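**Student:** Sequences listed follow chains P and V, in order.
The first sequence runs contiguously to residue 720 in our numbering.
The second sequence runs contiguously to residue 168 in our numbering.
Please keep in mind that the hints were generated in silico from the structure rather than gathered at the bench.
Since the structure is predicted, the reported quantities are computational estimates derived from the model, not experimental observations.
Glycine included, every Cβ here is placed at the ideal spot set by N, Cα and C.
Careful: at least some of the hints might be erroneous.
[What the hints assert, rightly or not] Facing chain P, according to a computed beta carbon distance under 10 angstroms, are these residues of chain V, among others:
#	residue
1	Ser-44
2	Val-60
3	Ala-127
4	Ile-140
[Claimed, not checked] Across the chosen pairs, the derived CB separations fall in these ranges:
#	chain 1	residue 1	chain 2	residue 2	range
5	P	Ala-565	V	Val-115	46 to 56 angstroms
6	P	Asn-452	V	Gly-107	43 to 53 angstroms
7	P	Asn-670	V	Val-96	48 to 58 angstroms
8	P	Asn-670	V	Ala-154	45 to 55 angstroms
9	V	Ala-146	P	Gly-400	35 to 45 angstroms
10	V	Ala-154	P	Arg-453	37 to 47 angstroms
11	V	Ala-154	P	Leu-674	50 to 60 angstroms
12	V	Asn-136	P	Glu-708	49 to 59 angstroms
[Stated by the list, open to error] Computed footprint of chain P on chain V; a stretch qualifies when at least three of its residues, placed anywhere within it, have a C-beta under 8 angstroms from a C-beta of chain P:
#	stretch
13	26–33
14	89–99
15	109–118
16	157–167
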Amino acid sequence: MDILNSMIGGFEAAFTLVNLAYICVGIVLGIIFGVLPGLGSVTALAMLIPITFYFTPLAAIAFLVGINKGGTSGGAIPAILINAPGTPEAAATALDGYPLAKQGRPEKAMKTALYSSVFGDTFSDIVLILLAAPFAAIALTFGPNELTTIILFSFTMIAALAGRSLVKGLIAAALGLFLSTWGLDPVDSTERMTFGTIYLFDGIPLLPFAIGTLALSSVLSQLYDMRRDRGKPPPPPLPPASQFRAENRIAPREFWGNWKTLIRSACIGTGVGILPGLGVTLAAFLGYGAARRASPRGDNFGKGELEGIQATEAANSAVVGSNLIPTIALGIPGNVAAALLIGAFMIHGVVPGPLMMVNHAELIYSIFASMLMANLAHLIIGRVGIRIWVQFVKIPKHIVLPTVVLLCVVGVYIPTNSMFDVGMLFLFAGVGYLMRKAGFSIVCLVIGFLLGENFEIYLRQTVLINKADLTVLLTNPISLAFLLLTLFFIWHFGIRVPLRQKRERAAAREADASSD
Amino acid sequence: MRTTHIWAGVLLVLASVWCLFWLIPDNTYPPDSELDLAPSLVPSIAIGACLVLALVMAVQAIFGGRRVEAGEDHLDEEFGEDATGASRHVLVNLLIWSAVACGCWYLIEHVGFEPAMALFMAATMLFVGARNPWTIALVSLATPIVLSQAAYQFFNTELPAFWR
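Bound conformation, chain V alone:
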């Protein structure tokens, strides 16, 4: 987790600097009234706080982390064992999700919800270890269709599909 804190601190500092000096100034307007705060002030305060805190976190991790021994890095209170640190494995998982998400979004938009999500479900079930082909086929085909029909019948909403 120490390495995660250092890298997170560095990346947050860089991102905060970019936001403070480019993103916010380029995407906000000056105030209408002299008495009012500038629209850029609160976002700048938030990002400024993030910058300072990220620096503190990185410094704490660099200079304080070496003294932490095994077993003293206690379980994260919100996520427990889930907070394993942003290792290379986690970044690869994130890349996989990014690719899958982009693919799903594109397929839903240009093909349709049912075929895109049927493909997604089948792929996901195979990914996590399901092997019974009948279960995979039945669940993958039936679930998107049932949800699509439920959305239409109960909420009068048609999910995207090229044939609608």
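In isolation and in its complexed conformation, chain P is listed as follows:
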């Protein structure tokens, strides 16, 4: 009943023309960024967070959530039309979307993707609304002891799950933690790696760091790839316009006939989203795989089966809402998009964590209401604008990518009017580019940077409260549990899995040798 009353209050605050306008603009921008290959919702979030400085906290978060929702589904459009996913998670959508487009039904595929995406989004938003408060209530009983070990565990889990190499993931997280310590000490306020410049008193600025490593490094990489690939044949053209009129309708029975797939995929996406470190792409492929195994038409997957599109889009969109559960309850981002939203919360004076539900309950429920409104807006805007989004796929990359660089520069300059931030942006773009090429996880770097300050504060509070006696972490059952989980993850992903893979490779080589 409390949740219902709170949601009614949330809708009251969120249901304004201004808020709706921000949501709609966010969705449109998110879809556009999702449609343009190589960009996506993470780039859009990183670039557009600075402009939310001038918004109210509710409008800012509603705008950014709209971008996230639009971006996640926008990537399906180029995946379906030209087999060039706009976002990594849309690669799974291309498996059935592109064959369906080649059969002359691209718009049917895009509509299916949109409706499934909205379904998955709404499902996970409802789970978020039902679970966020209970999770936060449990987290409120945690003190610095527990939170220190929870963040330590998060570092390890994210590093373990962010890529194939645990070692490289942990290196990136450790570097992020180190960079987060630059600036004034959070307890003593003494200078630490400021090099005598006041620009570093507040630490390395978050926006240039995030935009440089996440967005600008990706753009750099694509520019160099374009340079390398110039002279190669152009990508296949879009299907002719006549195909957008033929066999475009999708009957309600045709869509809802696969309701089991929709719900299964939404559950998979929601589950993946709740656990920090698991990505949207994983959810998409897990949903697809589960649907193919369970479906009586499993053999048709990969040949333009609607159920395949429904499975991937419902799963990847369901991550968006549930990802905010650990973010709001614990202040621990589930993925990069959630990490950027944490940055946005902090910019607006809202510290994510269990106290968020206590100190900012009205704002949180207004955000929940905005998310539900955003799903409806997403459905309408996405459906009405289907033929418009297609046009964005045609914009040449040699115009889009340099424009994105300019947007990044303007984006970091606007909040602080400081060329120091522009310099940091360029510096971290280079760092991010090198990390990309060397296969070091930028996700771990960013999350290590974001969690680093809290980790240090909780650790030092633990030391001060317990008079430098850290054995309390071993006697506290919750802390001990998370420490053991940390050690388990290190053992499992750092030793056991690589050894098993090594044995499998050796067995495969022996089998090849004996067959020769």
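We have chain P already, so just place chain V on it with the hints.
**Tutor:** Leaving out everything else, chain V in the frame of chain P:
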């Protein structure tokens, strides 16, 4: 990628040692309270972890890498085909970016956003293979001006320019 891991490991070890023994001690203060942790502790823990892990990565690459055969070095999960290894080509690209970034920064600061970014856009479009002079000229001139005006009209922010 094996060579990248070895070199990255070596460079990270050297950088970590430098941070541990020079950068952090020279740029931090002792703690105010006996009960508190030193301000240098968490950065040292982070860099120490980086040092140990870099050593592990380099050792794994040196002694484990020889047995990896072609096709077994799977695609990186975060970056896919983008993770090609930090080859000489990548380092040259990084140098190019460093020079371009320094040049852009200097020009924005001392000349202005519009001329600097117009030059940057034109150069970038030529770099990636655009050849239509009208498109290059129009986009390069119009985009910085539009963005500059948008920043002023919507956010009341004037981008740098010597004439402002």
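**Student:** Does each hint fit the structure? Answer for all of them.
**Tutor:** Against the structure, the hints come out as follows:
At its closest, the beta carbon of Ser-44/V sits 8 angstroms from a beta carbon of chain P; the interface hint therefore holds under the 10 angstroms criterion. Because the beta carbon of Val-60/V sits about 6 angstroms from the nearest beta carbon in chain P, less than 10 angstroms, this interface hint is met. The closest approach between the C-beta of Ala-127/V and any C-beta of chain P is roughly 9 angstroms, which is under the 10 angstroms cut-off, so the hint is satisfied. Annotation: interface hint on Ile-140/V holds; nearest CB of chain P at approximately 9 angstroms, less than 10 angstroms.
Restraint check, Ala-565/P to Val-115/V: a C-beta distance of roughly 50 angstroms satisfies the suggested window 46 to 56 angstroms. Roughly 50 angstroms separates the CB atoms of Asn-452/P and Gly-107/V, a value that falls within the hinted 43 to 53 angstroms. The hinted window of 48 to 58 angstroms between Asn-670/P and Val-96/V holds, with their beta carbons roughly 53 angstroms apart. In this structure the supplied range 45 to 55 angstroms holds for Asn-670/P paired with Ala-154/V, their Cβ-Cβ distance being about 53 angstroms.
Between Ala-146/V and Gly-400/P the C-beta distance comes to about 41 angstroms, which sits within the given range of 35 to 45 angstroms. Under the hint 37 to 47 angstroms, the C-beta atoms of Ala-154/V and Arg-453/P, about 40 angstroms apart, fit the expected range. The hinted range of 50 to 60 angstroms is satisfied by Ala-154/V and Leu-674/P, whose Cβ atoms lie roughly 52 angstroms apart. In this structure the supplied range 49 to 59 angstroms holds for Asn-136/V paired with Glu-708/P, their Cβ-Cβ distance being about 52 angstroms.
Given as covered by chain P, the stretch 26–33 of chain V passes the check, having 5 residues with a CB less than 8 angstroms from a CB of that chain where 3 are the minimum. With 6 residues carrying a beta carbon less than 8 angstroms from a beta carbon of chain P, the stretch 89–99 of chain V meets the three-residue requirement, and the given coverage holds. With 4 residues having a beta carbon nearer than 8 angstroms to a beta carbon of chain P, the stretch 109–118 of chain V meets the requirement of three or more and the stated coverage holds. Against chain P, the stretch 157–167 of chain V contributes 5 residues with a C-beta closer than 8 angstroms to a partner C-beta. That satisfies the three-residue criterion, and the hint holds.
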